[in-house]
Amino acid sequence: MFKIIDKSIISADEMVLNMGPQHPSTHGVLRLKIITDGEIVSKVEPIIGYLHRCFEKHCESLSYEQIVPFTDRCDYLASMHMSHSYSMAVEKLLDLELPERVEYIRVIVAELQRIASHLIAVGVFGLDVGAITPFTWTLRDRERILDLFEMLCGARLLYNYVWPGGVSHDLPPKFIEETHKFLDYFLPQIDEYNQILSTNKIFIERSADVGVLPLEVGINYGVTGPTLRGSGSTFDLRKDEPYSVYNKFDFDVPVGEGLMGTVGDCWDRYYVKVLEMKESAKIIRQALDSIPKGDVHEVLPKKIRPPKGEVYSRYESARGDVGFYIRSAGKNMPDRLKMRSPAYCNLSVLNEISAGWMMSDVIAVLGSLDIVLGEIDR
Amino acid sequence: MSIKIIDILDKKFKDSINFSENQNSLFIDDPSKWDKISKFLHQNKDLKFDYLMCLSGYDLTDNKLGVAYNLYSTSLKHYLEVRIEVESEIEIPSVANLWRTANWHEREAYDLLGIKFTDHPELKRILLPEDWEGHPLKKDYETPDFYNGMPVPKDKSYWE
Amino acid sequence: MTSIVDSILSAISFINIDINILLIFAIVIPGLVLFILMALNVMISVYFERKVAAFMQDRLGPMEVGIFGFKGGKKFWGGIGQIFADTVKLLTKEDIMPANADKVLMLVSPFIIVAGALLTFIGIPFSDGLIVSDFNIGILYIIAMSSVGVIGVILAGWSSNNKWSLYGAMRSAAQIISYEIPIGLNLLLIVIVCGSLQVSDIVQWQADNRWFIFHSPFTFVAFFIFFISVVAETNRTPFDIPEAESELVAGWMTEFSGFKWSIFFMSEYANMLIVSLVASFVFLGGWLSPFTIFNVFPDSWLILDGFYIGIFWLLIKAIFLVFVMMWFRWTFPRLRVDQLMYICWKVFIPFSLANLFFVTIWELIAGSIS
Amino acid sequence: MSQYFINIYDAVKTMISGMSLTLEHLRKKKDLVATLQYPNEKWPQPERHIGFDHKDYNVIRSRLHVDIDDCIGCMQCERACPVDCIKIDTIKPGKGIDFDCGETSNDTRKKMIVPRFTIDMSECMYCNLCVYPCPEECIYMVGGPNEPKHDIDYEYSKYVKHDLVFEFSNVTDQQIVDIGAQSYLDERNSKIDKINQGVNLKGNEPQVSSAPTPAAPVQASDTLEIKCLDIIEDKMLKTPAKKVFFKSKRAGEDDIIKIDKVIAEISKLDGYSPELEQKLKDLL
Chain A
1 MFKIIDKSII SADEMVLNMG PQHPSTHGVL RLKIITDGEI VSKVEPIIGY LHRCFEKHCE
61 SLSYEQIVPF TDRCDYLASM HMSHSYSMAV EKLLDLELPE RVEYIRVIVA ELQRIASHLI
121 AVGVFGLDVG AITPFTWTLR DRERILDLFE MLCGARLLYN YVWPGGVSHD LPPKFIEETH
181 KFLDYFLPQI DEYNQILSTN KIFIERSADV GVLPLEVGIN YGVTGPTLRG SGSTFDLRKD
241 EPYSVYNKFD FDVPVGEGLM GTVGDCWDRY YVKVLEMKES AKIIRQALDS IPKGDVHEVL
301 PKKIRPPKGE VYSRYESARG DVGFYIRSAG KNMPDRLKMR SPAYCNLSVL NEISAGWMMS
361 DVIAVLGSLD IVLGEIDR
Chain B
1 MSIKIIDILD KKFKDSINFS ENQNSLFIDD PSKWDKISKF LHQNKDLKFD YLMCLSGYDL
61 TDNKLGVAYN LYSTSLKHYL EVRIEVESEI EIPSVANLWR TANWHEREAY DLLGIKFTDH
121 PELKRILLPE DWEGHPLKKD YETPDFYNGM PVPKDKSYWE
Chain C
1 MTSIVDSILS AISFINIDIN ILLIFAIVIP GLVLFILMAL NVMISVYFER KVAAFMQDRL
61 GPMEVGIFGF KGGKKFWGGI GQIFADTVKL LTKEDIMPAN ADKVLMLVSP FIIVAGALLT
121 FIGIPFSDGL IVSDFNIGIL YIIAMSSVGV IGVILAGWSS NNKWSLYGAM RSAAQIISYE
181 IPIGLNLLLI VIVCGSLQVS DIVQWQADNR WFIFHSPFTF VAFFIFFISV VAETNRTPFD
241 IPEAESELVA GWMTEFSGFK WSIFFMSEYA NMLIVSLVAS FVFLGGWLSP FTIFNVFPDS
301 WLILDGFYIG IFWLLIKAIF LVFVMMWFRW TFPRLRVDQL MYICWKVFIP FSLANLFFVT
361 IWELIAGSIS
Chain D
1 MSQYFINIYD AVKTMISGMS LTLEHLRKKK DLVATLQYPN EKWPQPERHI GFDHKDYNVI
61 RSRLHVDIDD CIGCMQCERA CPVDCIKIDT IKPGKGIDFD CGETSNDTRK KMIVPRFTID
121 MSECMYCNLC VYPCPEECIY MVGGPNEPKH DIDYEYSKYV KHDLVFEFSN VTDQQIVDIG
181 AQSYLDERNS KIDKINQGVN LKGNEPQVSS APTPAAPVQA SDTLEIKCLD IIEDKMLKTP
241 AKKVFFKSKR AGEDDIIKID KVIAEISKLD GYSPELEQKL KDLL
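Chains as they are written, first to last, in the working numbering: chain A, 1 to 378; chain B, 1 to 160; chain C, 1 to 370; chain D, 1 to 284.
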């Protein structure tokens with residue numbers, strides 16, 4: 001009979017693996033300290049701060065108008081959402097009532113931006129699990145949205161378009177018909193993504209049942225947005241507490257149903273984004289059809305000097321619940337501005353859901369969380 | 001904030017809390033009570049604040065620091081803003097065990113403002129490098145001239 | 001049956017020197033030719049792959065570098081000069097050696113891999129009789145030599161002194177050793193049917209009867225198992241976990257650069273060509289024209305068969321299979337390492353064993369009928 | 001067991017459907033290729049059917065341009081800039097000095113001259129915020145709807161970062177002197193001197209003990225420093241001389257050409273003498 005006398009002879013040591021800050025799939029300059037036992041990961045520790053640009057410190061020495069371009073640079077894949085959420089906070093502080101047309105324009109650009117951001121998320125998740133072709137296809141379609149934005153305000157990535165009290169430009173003459181044209185082109189493309197990626201057996205094997213995030217854990221960690229909805233929550237600020245004019249539109253909130261595996265796995269988090277693109281298209285169509293006339297600069301304040309006080313405003317961005325906490329001391333600069341960034345909270349759950357999985361799964365989970373380091377490090 | 005929440009809280013913690021004039025936030029006078037109050041807010045079945053939206057530290061100058069907790073209940077859909085304003089030496093009980101969001105947010109508040117939280121699992125810097133000196137978001141913070149022997153570019157005269 | 005070594009030996013035998021010295025010439029000349037062939041193959045394949053990938057992804061691929069001022073515009077040969085630009089770039093790049101690496105092993109490992117590829121070429125035919133040496137154990141030799149490369153991979157991963165490289169090397173070793181089995185089983189199936197390990201015999205059997213892929217339902221399945229297994233053995237997507245660029249940076253090639261890296265590249269594409277050639281002559285009739293698929297036409301119709309046109313047929317088949325490999329790569333995500341092992345041990349090997357069983361029965365029945 | 005075969009069937013089916021899709025893209029490459037070959041095909045060309053004309057744009061953010069003749073020096077844009085990339089200096093005419101600052105195209109009388117209006121495009125973040133407050137609409141992003149005012153400028157890439165600092169002011173030194181701001185001019189020149197010294201700083205070079213190289217006249221020499229012009233005593237001559245010298249040094253010209261240019265420049269002015277010319281030529 002054979003008997004292993006000393007177990008320590010065969011037991012393997014744990015290895016510390018340093019992933020990033022320079023690594024192809026950490027979505028920027030994230031550093032992960034991974035403790036592995038062979039291929040199995042036992043602990044993941046995200047180390048952030050490599051892209052810290054002192055956003056909150058800057059804001060304390062900039063006037064309210066000048067902060068807008070800086071908010072754009074926080075989440076550079078969804079700039080419109082960032083400036084929109086910041087503007088909403090300032091408007092809440094100023095107690096401004098906006099013209100109807102401004103709200104409609106904001107909704108249109110925000111939903112276009114949501115599609116653009118989700119396209120990146122979908123494509124990059126494919127890239128993380130090794131499929132390169134869907135990524136280039138999604139980038140190709142995102143380019144068309146960027147073209148529309150360029151027509152709108154001249155910039156392709158960092159727009160400085162949504163201002164406290166309005167938007168910088170009215171819609172250009174052909175914008176509405178071009179957007180309709182884009183949507184006509186875009187919706188069939190989603191089927192192509194599904195055909196090549198979502199329903200692919202290898203893709204399902206890689207993402208279904210992997211990195212399951214239970215709903216209670218998600219809420220406890222402050223996870224929001226498509227990541228939480230993938231776990232089966234219907235929590236969506238656009239539906240729950242409609243800001244802007246979202247209460248006028250008819251749309252659904254897609255939630256993860258565990259079609260291919262368990263509710264809250266990577267595939268659900270991925271597929272919720274695909275479905276959300278369709279819903280956003282629905283909202284855009286309704287908004288384009290019913291947009292009222294008016295002046296977009298009607299209530300634009302000449303100088304923003306809010307009264308003393310503090311405000312917390314929330315916004316449903318492409319990555320989740322963006323919060324702006326602004327304390328005003330009655331000057332033209334904020335006394336303290338804190339941004340509650342959704343990806344910051346979403347990333348903090350990484351260790352919880354990827355420990356015990358394999359090296360390749362950590363990448364897949366990270367891709368499905370859809371983080372943007374500009375927003376995490378601020 | 002609805003009247004109901006005020007009533008419930010007033011009944012339970014009469015001495016240690018008060019409300020701001022327009023009643024949109026709850027002040028906690030004695031930070032050592034925050035431990036108990038937070039547990040109550042999280043677990044009471046009429047309140048059920050299961051989601052900590054934001055935790056923001058701020059500097060009030062005069063050696064006073066503040067922390068604002070924005071709470072939300074995903075099931076009952078109501079808000080509460082809790083604020084603790086203390087002298088900068090006093091430590092605030094950590095809520096990282098109740099809402100695990102608070103873990104990183106408290107680290108951030110410590111990093112940028114120097115607010116200390118008791119019983120935090122690992123209270124260390126998160127956004128700035130470990131060996132950075134000072135807490136930048138404090139109003140009396142002065143940018144150092146050098147960091148590890150490298151000049152910190154304060155104005156353009158360094159390179160222009 | 002003739003082979004190149006024999007022909008060269010007989011061609012230069014008029015020189016009155018020792019036969020052993022002549023033998024050295026006869027061996028060195030095909031070696032050089034094969035090396036040049038490998039270099040040409042990598043140059044053309046890389047361009048081909050880049051273009052195929054680009055068009056599948058709605059891009060244009062290399063477009064800027066033409067030859068002699070000739071640019072094809074938006075055509076397939078739009079940036080044909082890229083072939084030479086890439087070669088010059090790869091060969092003149094700085095060769096970086098990490099400070100703590102094992103320098104000797106790091107230097108040796110690319111050459112072990114390329115030697116494995118070169119040695120395999122000895123048993124690979126390009127047409128009827130156009131083979132360096134037609135052993136009577138040809139197939140066995142090919143299987144044996146194609147796994148020499150894994151030694152180089154492990155050496156490369158170990159010597160780099162990098163955790164990512166080590167991961168890649170270990171994955172690669174596990175993968176290549178596992179996939180040897182379905183490859184061997186499926187080739188064994190062919191050997192059972194035709195009764196010879198010699199390459200020329202296998203093709204001659206197909207000329208006499210029919211192509212192996214259409215010989216029976218079991219050989220049909222065997223072809224696909226064999227082809228997917230060789231894709232796995234050449235570390236191509238969806239089985240490219242050893243160099244998975246989104247996980248392991250570049251796997252075992254992470255620390256290599258310049259000339260050494262281009263040697264890796266060369267052997268990778270050479271391996272692709274080798275496995276495609278093997279699949280072509282074992283299953284797809286080798287240098288036979290498509291008229292011989294079922295062998296229904298009389299011999300007088302087979303004007304498209306011959307020595308020179310045979311090269312063309314074999315290369316066409318091989319290039320098509322190389323294209324299919326590229327097609328795989330630009331369509332599929334990557335498998336995880338345990339799924340990779342699952343496919344090998346729980347799908348391919350049971351199917352191959354079942355195939356082996358049924359094909360012997362098939363042969364018994366078919367033999368008794370005829 | 002049935003799940004095992006269903007899985008295999010699923011895998012084969014979805015793989016074939018995915019491969020058919022990529023093959024379709026390969027086949028229809030003519031219609032589907034979306035690449036814009038940038039240097040060859042630029043944006044307003046009709047090959048790329050993005051569907052809209054550049055006249056339809058609200059604005060194109062390409063490069064900031066200033067119509068300096070219209071600028072009244074109100075500094076609104078400088079204040080609006082979040083990153084401080086615009087730098088403006090203004091000089092008001094001193095008391096009792098009769099100086100005509102000119103008029104803008106909107107018939108606004110200018111009250112001051114703008115001797116410095118620099119925009120550092122390497123720092124600009126294209127937020128467009130400086131454009132809105134301008135009362136004379138003289139600062140704008142080029143191209144697009146502003147095409148009548150200024151052509152679009154795609155690529156203004158430069159080899160040195162400092163070349164991305166665009167100077168728009170067209171105020172001459174003479175005008176500054178006329179307006180009675182000699183002190184401003186001196187300050188500026190001393191700054192240029194300082195920068196020039198900084199450019200030539202080589203750091204702590206290791207001391208080379210070898211004999212100094214023989215000062216043979218080299219064809220392409222660049223040895224003269226701006227300090228050498230200190231031999232000119234007259235301030236009115238020194239300033240323009242230094243300016244020309246500095247410009248020529250930037251362009252990387254020979255010493256001989258530099259001195260020739262300096263002589264050509266100052267020979268037009270008063271106080272110029274043949275002795276000075278000889279002195280300058282002796283420098284070489």
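Honestly, the hints are just simulated from the structure, not real lab data.
Where is the CB? At the ideal position from N, CA and C, for every residue including glycine.
It cannot be assumed that every hint is accurate.
Claimed, not checked - Non-contacting residues of chain D with respect to chain A, defined by C-beta distances greater than 12 Å in every case (computed): (1) Glu24; (2) Tyr57; (3) Arg79; (4) Pro82; (5) Met112; (6) His162; (7) Ile195; (8) Glu277.
Said to hold, decoys possible - Examples of chain B residues lying across from chain A (beta carbon under 8 Å, computed): (9) Phe40; (10) Lys48; (11) Asp50; (12) Leu52; (13) His78; (14) Leu80; (15) Arg100; (16) Pro136.
Claimed, not checked - SDA-like cross-link-like pairs, simulated, lysine to any residue; straight-line CA separation at most 20 Å: (17) D:Lys13 - C:Met170; (18) B:Lys139 - A:Pro242; (19) A:Lys239 - B:His78; (20) A:Lys302 - D:Glu137; (21) B:Lys77 - A:Pro242; (22) D:Lys87 - A:Lys302; (23) C:Lys346 - D:Met1; (24) A:Lys92 - B:Leu80; (25) A:Lys181 - D:Lys55.
- Would you say D:Pro82 is clear of chain A, with no C-beta pair closer than or equal to 12 Å? violated (4 Å)
- Query: Is the hinted pair A:Lys92 and B:Leu80 satisfied, with a Cα-Cα distance of at most 20 Å?
  - Reply: holds (17 Å)
- Agreement of hint B:Arg100 with chain A interface, Cβ distance less than 8 Å: holds (5 Å)
- Item | 12 Å cut-off, C-beta based - D:Ile195 kept clear of every residue in chain A | holds (28 Å)
- Is B:Lys77 within 20 Å of A:Pro242, Cα to Cα? holds (13 Å)
- Least C-beta distance between D:Tyr57 and chain A, which was stated to exceed 12 Å: The assertion about D:Tyr57 is violated, with a minimum of 5 Å to chain A.
- Interface hint for B:Leu80, Cβ within 8 Å of any Cβ on chain A: violated (11 Å)
- Message: What's the verdict on B:Lys139 and A:Pro242, does the C-alpha distance respect the 20 Å limit or exceed it?
- Response: Answer violated: B:Lys139 to A:Pro242 is near 36 Å, above 20 Å.
- Given B:Phe40 as an interface hint, is the shortest Cβ-Cβ distance to chain A below 8 Å? Because about 17 Å separates B:Phe40 from the closest Cβ in chain A, which is outside the 8 Å limit, the hint is violated.
- Does B:His78 pass the interface check with chain A, least Cβ-Cβ distance below 8 Å? violated (11 Å)
- Task: Sort out whether D:Glu137 lies within 20 Å of A:Lys302, counting only the CA atoms.
- Result: holds (17 Å)
- Message: The hint names B:Asp50 as touching chain A; please verify it with the least Cβ-Cβ distance against 8 Å.
- Response: Result: holds, 6 Å to nearest chain A Cβ.
Checked against the numbered hints given earlier, this structure breaks hints 1, 2, 3, 4, 9, 10, 13, 14, 17, 18 and 22; the rest are met.
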